[in-house]
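S.K.: Can you build the whole structure from these sequences, using the hints too?
Protein chains: 2
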Amino acid sequence: MYIILTYDVEIKRVNKVRKHLKKYLTWTQNSVFEGEITEGRLHKCLNEIEKIVNKDEDSVYIYRVNTQKFIKKEVIGKTKSFDDMFL
Amino acid sequence: MYIILTYDVEIKRVNKVRKHLKKYLTWTQNSVFEGEITEGRLHKCLNEIEKIVNKDEDSVYIYRVNTQKFIKKEVIGKTKSFDDMFL
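Chains A and B are the protein sequences, given in the same order. Each position in the first sequence, counted from 1, maps to that position plus 526 in this note's numbering. Each position in the second sequence, counted from 1, maps to that position plus 526 in this note's numbering.
One or more of the hints may lead you astray.
Copies of the same chain look alike in the list, so a pair counts if it fits in one copy or across any two.
Stated by the list, open to error - Below 30 Å or equal to it, Euclidean Cα-Cα: the simulated DSSO-like pairs (lysine-lysine) are:
| hint | residue 1 | residue 2 |
| --- | --- | --- |
| 1 | K595 | K538 |
| 2 | K570 | K549 |
| 3 | K577 | K542 |
Keep in mind the hints are simulated off the structure, nothing from the lab.
M.R.: Spelled out as structure tokens, the structure:
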């Protein structure tokens, strides 16, 4: 299964959310992670995230497709690396 | 064709980018738009966006799937409306 996960989380919780997502998915952009993941690991990942976020203030969207080949990805501009973002 | 579009654009260009995306897609979250769109309209949309963004600083990711039924969407937390965001 392939996942695109986008989040809009209060600044004080962002680092914690990112730290957990990094264990399971690949960072793509400011507030986007993506990657191939099993159902079991996704469940674990989302359980962790649910414990961190405030459901009245934050939002996390998970888009699942069965296989990455259903998705075509295109980029305009810079392909940022994780290091650009966090160093 | 169904599109998920995520952007990471310098603050001074964000409003302009959003204004154009709103014409073609539905706002989902802070830096995410999505929606059903034809190839022709997507081409027009991306042409407009390319003129606004600085390709050395900004990035826009476009994930395409042939049909929305290939994507399953799940939300944790708040489903924000466009009004929450811009009013």
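S.K.: Does each hint fit the structure? Answer for all of them.
M.R.: Now the hints, each set against the structure:
1. In this assembly of identical chains, K595 and K538 lie within 30 Å of each other by CA distance neither inside one copy nor across copies; the values are 36 Å within and 35 Å between.
2. Taking identical chains as interchangeable, the C-alpha atoms of K570 and K549 lie at most 30 Å apart only when both belong to the same chain, with a minimum of 11 Å there against 37 Å between chains.
3. In this assembly of identical chains, the alpha carbons of K577 and K542 lie at most 30 Å apart only when taken from the same copy (11 Å versus 35 Å across copies).
Hint compliance for this structure: hint 1 is the single one not met.
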